[in-house]
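Asks: Each chain, letter by letter, is given below.
There are 2 protein chains.
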Amino acid sequence: MNPNIVKAEYAVRGALAIRAEALRVQLERDPDAAKTLGFSSVISCNIGNPQQLKQKPITFYRQVAALTEFPELIDAPEAAVLFPDDVRARARMLLDAVGGSIGAYSHSQGIPLVRQHVAEFIGRRDGHPADPEHIFLTAGASPGVQLLMNTLISHDRVGLMIPIPQYPLYTAGVTVFNGRAVPYYLDEPAGWSLSVRELERSLQAARAEGTEVRALCVINPGNPTGQCLSEANIREIIEFTHREELVLLADEVYQANTYQADRPFVSFRKVLKDMGPSYASQELVSFHSISKGMIGECGRRGGYFECVNISQPVMDLFYKIASISLCPPVAGQLMVDLMVKPPVKGEPSYPLYEAELGGIYASLKRRATVLCDAFNAMEGVTCQKAQGAMYLFPSVRLPARFVDAMQAAGKSPDTEYCMALLNETGVCVISGTGFGQKAGTWHFRSTFLPPEDLIESFIGKLQAFHTAFLTKWR
Amino acid sequence: MNPNIVKAEYAVRGALAIRAEALRVQLERDPDAAKTLGFSSVISCNIGNPQQLKQKPITFYRQVAALTEFPELIDAPEAAVLFPDDVRARARMLLDAVGGSIGAYSHSQGIPLVRQHVAEFIGRRDGHPADPEHIFLTAGASPGVQLLMNTLISHDRVGLMIPIPQYPLYTAGVTVFNGRAVPYYLDEPAGWSLSVRELERSLQAARAEGTEVRALCVINPGNPTGQCLSEANIREIIEFTHREELVLLADEVYQANTYQADRPFVSFRKVLKDMGPSYASQELVSFHSISKGMIGECGRRGGYFECVNISQPVMDLFYKIASISLCPPVAGQLMVDLMVKPPVKGEPSYPLYEAELGGIYASLKRRATVLCDAFNAMEGVTCQKAQGAMYLFPSVRLPARFVDAMQAAGKSPDTEYCMALLNETGVCVISGTGFGQKAGTWHFRSTFLPPEDLIESFIGKLQAFHTAFLTKWR
Numbered sequence: 001m002n003p004n005i006v007k008a009e010y011a012v013r014g015a016l017a018i019r020a021e022a023l024r025v026q027l028e029r030d031p032d033a034a035k036t037l038g039f040s041s042v043i044s045c046n047i048g049n050p051q052q053l054k055q056k057p058i059t060f061y062r063q064v065a066a067l068t069e070f071p072e073l074i075d076a077p078e079a080a081v082l083f084p085d086d087v088r089a090r091a092r093m094l095l096d097a098v099g100g101s102i103g104a105y106s107h108s109q110g111i112p113l114v115r116q117h118v119a120e121f122i123g124r125r126d127g128h129p130a131d132p133e134h135i136f137l138t139a140g141a142s143p144g145v146q147l148l149m150n151t152l153i154s155h156d157r158v159g160l161m162i163p164i165p166q167y168p169l170y171t172a173g174v175t176v177f178n179g180r181a182v183p184y185y186l187d188e189p190a191g192w193s194l195s196v197r198e199l200e201r202s203l204q205a206a207r208a209e210g211t212e213v214r215a216l217c218v219i220n221p222g223n224p225t226g227q228c229l230s231e232a233n234i235r236e237i238i239e240f241t242h243r244e245e246l247v248l249l250a251d252e253v254y255q256a257n258t259y260q261a262d263r264p265f266v267s268f269r270k271v272l273k274d275m276g277p278s279y280a281s282q283e284l285v286s287f288h289s290i291s292k293g294m295i296g297e298c299g300r301r302g303g304y305f306e307c308v309n310i311s312q313p314v315m316d317l318f319y320k321i322a323s324i325s326l327c328p329p330v331a332g333q334l335m336v337d338l339m340v341k342p343p344v345k346g347e348p349s350y351p352l353y354e355a356e357l358g359g360i361y362a363s364l365k366r367r368a369t370v371l372c373d374a375f376n377a378m379e380g381v382t383c384q385k386a387q388g389a390m391y392l393f394p395s396v397r398l399p400a401r402f403v404d405a406m407q408a409a410g411k412s413p414d415t416e417y418c419m420a421l422l423n424e425t426g427v428c429v430i431s432g433t434g435f436g437q438k439a440g441t442w443h444f445r446s447t448f449l450p451p452e453d454l455i456e457s458f459i460g461k462l463q464a465f466h467t468a469f470l471t472k473w474r
Numbered sequence: 001m002n003p004n005i006v007k008a009e010y011a012v013r014g015a016l017a018i019r020a021e022a023l024r025v026q027l028e029r030d031p032d033a034a035k036t037l038g039f040s041s042v043i044s045c046n047i048g049n050p051q052q053l054k055q056k057p058i059t060f061y062r063q064v065a066a067l068t069e070f071p072e073l074i075d076a077p078e079a080a081v082l083f084p085d086d087v088r089a090r091a092r093m094l095l096d097a098v099g100g101s102i103g104a105y106s107h108s109q110g111i112p113l114v115r116q117h118v119a120e121f122i123g124r125r126d127g128h129p130a131d132p133e134h135i136f137l138t139a140g141a142s143p144g145v146q147l148l149m150n151t152l153i154s155h156d157r158v159g160l161m162i163p164i165p166q167y168p169l170y171t172a173g174v175t176v177f178n179g180r181a182v183p184y185y186l187d188e189p190a191g192w193s194l195s196v197r198e199l200e201r202s203l204q205a206a207r208a209e210g211t212e213v214r215a216l217c218v219i220n221p222g223n224p225t226g227q228c229l230s231e232a233n234i235r236e237i238i239e240f241t242h243r244e245e246l247v248l249l250a251d252e253v254y255q256a257n258t259y260q261a262d263r264p265f266v267s268f269r270k271v272l273k274d275m276g277p278s279y280a281s282q283e284l285v286s287f288h289s290i291s292k293g294m295i296g297e298c299g300r301r302g303g304y305f306e307c308v309n310i311s312q313p314v315m316d317l318f319y320k321i322a323s324i325s326l327c328p329p330v331a332g333q334l335m336v337d338l339m340v341k342p343p344v345k346g347e348p349s350y351p352l353y354e355a356e357l358g359g360i361y362a363s364l365k366r367r368a369t370v371l372c373d374a375f376n377a378m379e380g381v382t383c384q385k386a387q388g389a390m391y392l393f394p395s396v397r398l399p400a401r402f403v404d405a406m407q408a409a410g411k412s413p414d415t416e417y418c419m420a421l422l423n424e425t426g427v428c429v430i431s432g433t434g435f436g437q438k439a440g441t442w443h444f445r446s447t448f449l450p451p452e453d454l455i456e457s458f459i460g461k462l463q464a465f466h467t468a469f470l471t472k473w474r
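If you read the sequences in order, they're chains C and G. 1 is the number of the first residue of the first sequence in full-length UniProt numbering; add one for each residue after it. 1 is the number of the first residue of the second sequence in full-length UniProt numbering; add one for each residue after it.
Careful, some of the hints might be misleading.
Identical chains blur together in the list; that is why a pair holds if it fits in one copy or across any two.
Simulated pairs of lysine-lysine, DSBU-like, Cα-Cα distance not exceeding 35 Å [as the list claims (entries may be wrong)]:
hint, residue 1, residue 2
1, Lys7, Lys341
2, Lys273, Lys7
3, Lys365, Lys461
4, Lys35, Lys461
5, Lys341, Lys54
6, Lys320, Lys411
7, Lys365, Lys385
8, Lys270, Lys385
9, Lys56, Lys320
10, Lys411, Lys472
11, Lys365, Lys320
12, Lys341, Lys56
13, Lys320, Lys35
14, Lys341, Lys270
15, Lys320, Lys461
16, Lys345, Lys411
17, Lys320, Lys438
18, Lys320, Lys7
19, Lys385, Lys320
20, Lys54, Lys35
21, Lys56, Lys461
22, Lys270, Lys35
23, Lys345, Lys385
24, Lys438, Lys7
25, Lys365, Lys345
26, Lys365, Lys273
27, Lys320, Lys54
28, Lys385, Lys56
Don't read these hints as lab results, they were simulated from the structure. Nothing here was measured: the structure is a model prediction, and the numbers come from that model.
All chains should be modelled from the sequences, with the hints used to inform the complete structure.
Replies: Pasting the structure below:
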């Protein structure tokens, strides 16, 4: 077996998630399970999967999707009352763009019309036009990131700089492709901020070990840490990568999930373009997804990456790799189109779309605050605010007796804490060990996605467990 | 850049397909293009993409898909007339199986209910029960094959035995994962049959070069060659892999596309299970897809692989790799469900389903024969019958003057022949060079998917081009 696959770790779907799934099956099959276990359902906060936790899909998106699945509905008189005119028009346009059926393979780089709409979206967002030929549609951001890693890692001394804590896709990918993860640490007390001094330390340390550092991965807004980088910070990061000749990989999938007016999302691309022609050699790849934002269409698998200042021969390689898997899922590609080209004022679907989107956003923002406050109210727990994304990453001061006992048994204390929480309450969160953390600190990542009407009872479960846990191990 | 990616070749989406796409764009944008080019449309026979060539989707499948996209339709009185009861019931069942929304990530191995239905399908097909826990749903067969290759290839001397001619996914995958393709040749005059003597020759030659041969890849029915293996042949292949301790990778995506009553599809799994407990150590992975058969839902990206006699720790690795990309597209998973559990007699959707399926099948069978006969009527062309799949792979005796001229220019004669055909007629087929062929022979692969009402004009174009080509180069 490939030893790189044996070594790779991907905690958000690892031991805790597997145990959660086993509990779910037990609750489903065994009528006495709720009594035995002490809880009646599993609450999956291990992964940003909003619709699993009952977030309602946006109606406009799903209406268009239904019509592209079954085009006979578009002109069926019986269906006229069910689908507004703009939904029908959009479905017709998308069906034209795929040659009549979503059942055909598309262009391997993605449907040309959708790429054109993505380019227009990026142009509007950044104030700098984009080129559809530089955009690759993907089955979500993850396969895009893996494609980039596969291309960049040409031998086993190639290193990619990765934030710690990080979304474990990054270390897992580097391990699978047999490269080296070069960690740089985010500054927790300063709201998980990213300092260029730390980037420099990390880079020099890696080079001293003989690592050929090729790229810097940045997650903004942060996952699991939720920070949003300021424009000034992004500028100095770009100066750093330009000076050090590093490719920038910007994971910007949470760009619509920002919750503080003074810290809006600014794309790496916008700042780079604003910096002018002397930075025109700075290579940047930016990733986006339909799985996050207020869309949450995770199961569909859709997203894109944009290449900025990447040479044509390299993009030709990306195309070749993409073509070996034929094409991204067409329904995911169409959802990318809907994401970047939503209904606008004056169109029949606009009022409902706006209300649904606004409702989800406002609720996410409320839940982020409520849950953060609840964590901070727990003994020995401190939690930075989420400026963005869907996660909180509280620090937990675990009792020394517990830490010693677990470490003596060769176990990771924070993972055992999370496993106990899961077994006693049905709440599944992922331990800091899965994301990386400074030695001697313990964390867990929780989404703030449980439905708003359940969030109080969710918090109650967490607090009761934590109090009992401290009492037991004090 | 990763040199393995630079080296990899994937002809069915390579230079010919890229040129075809450029022609399509030209015809779309330039009103004078048809006059300049001498044809008004591109006919893509480079890839098995039935719905691109106007094969109509199966109504039942798409009705269920529309309801799972927009569940409000299920009980809408306006929609009652549009959706039969069994469609509504199936949509409800599938929505239950995904927790209410297809927008949530599913289990990384695939939705448990769908895996259960796949296991029941395999059990009925082979007369030996299957285990849902041994089934992995995928985004089509291609990512499944790549996952297996990634796992098996642990260093650069690992070899996988691959048929020549082959579907180029296999050589591309082995190159990307930095293994060695160990070629074994199919016997063209004997209807592209597979002889164990040739397998033995190939294996010994590879071992003599220091290659650690790990697996035998078989495509049955064959792609691009269309042969169906007999049960006796499969048995001796299994005896060979068992003796030589090779994993069997069986690409069985064309299992529903067989056209000769005396050569039905028999799965490797059935034969292996029939061979009894002394073969219980024979590892086998079999791949299937929703893209082929009479379904042709390529754009949706769905399929599965089944592990037979694969140990749990190895399946745990498969799960880990699958989990890094989160889950296969849910709409593809649901289509797998519909494929393995179609409407049955007595259900409201059955008559239409049966008629649509039967119509597509009969038409494919007719087109396979008509096109094969047309090839055989062309000067210097010989074509084996398609016992299965969607392709013909005729051998073309190219004029010596043309071959010499191309080779002197460092070009591959068959590719240039196909490029000339494309530029002069708009018909896109892929040269034998992309699939592999015996030295000194030239081929091309064409799907037999052009719509039946166009097949005569399609054949006319091919024949006129070929005759003019021979005249020019004689």
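Asks: For each hint, tell me whether it holds in the structure or not.
Replies: Here's how the hints hold up against the structure:
no.	hint	result
1	Lys7 x Lys341	neither (41 Å within a copy, 38 Å between copies)
2	Lys273 x Lys7	between (39 Å within a copy, 33 Å between copies)
3	Lys365 x Lys461	within (21 Å within a copy, 62 Å between copies)
4	Lys35 x Lys461	within (16 Å within a copy, 73 Å between copies)
5	Lys341 x Lys54	both (25 Å within a copy, 28 Å between copies)
6	Lys320 x Lys411	between (43 Å within a copy, 20 Å between copies)
7	Lys365 x Lys385	within (11 Å within a copy, 64 Å between copies)
8	Lys270 x Lys385	within (26 Å within a copy, 58 Å between copies)
9	Lys56 x Lys320	between (37 Å within a copy, 29 Å between copies)
10	Lys411 x Lys472	within (18 Å within a copy, 76 Å between copies)
11	Lys365 x Lys320	between (41 Å within a copy, 33 Å between copies)
12	Lys341 x Lys56	both (20 Å within a copy, 29 Å between copies)
13	Lys320 x Lys35	between (54 Å within a copy, 32 Å between copies)
14	Lys341 x Lys270	within (19 Å within a copy, 50 Å between copies)
15	Lys320 x Lys461	between (50 Å within a copy, 30 Å between copies)
16	Lys345 x Lys411	neither (56 Å within a copy, 56 Å between copies)
17	Lys320 x Lys438	between (40 Å within a copy, 25 Å between copies)
18	Lys320 x Lys7	both (28 Å within a copy, 10 Å between copies)
19	Lys385 x Lys320	between (42 Å within a copy, 32 Å between copies)
20	Lys54 x Lys35	within (24 Å within a copy, 56 Å between copies)
21	Lys56 x Lys461	within (25 Å within a copy, 53 Å between copies)
22	Lys270 x Lys35	neither (55 Å within a copy, 44 Å between copies)
23	Lys345 x Lys385	within (33 Å within a copy, 59 Å between copies)
24	Lys438 x Lys7	within (21 Å within a copy, 41 Å between copies)
25	Lys365 x Lys345	within (24 Å within a copy, 52 Å between copies)
26	Lys365 x Lys273	within (31 Å within a copy, 56 Å between copies)
27	Lys320 x Lys54	between (38 Å within a copy, 26 Å between copies)
28	Lys385 x Lys56	within (25 Å within a copy, 52 Å between copies)
Hint compliance for this structure: hints 1, 16 and 22 are not met, and every other hint is.
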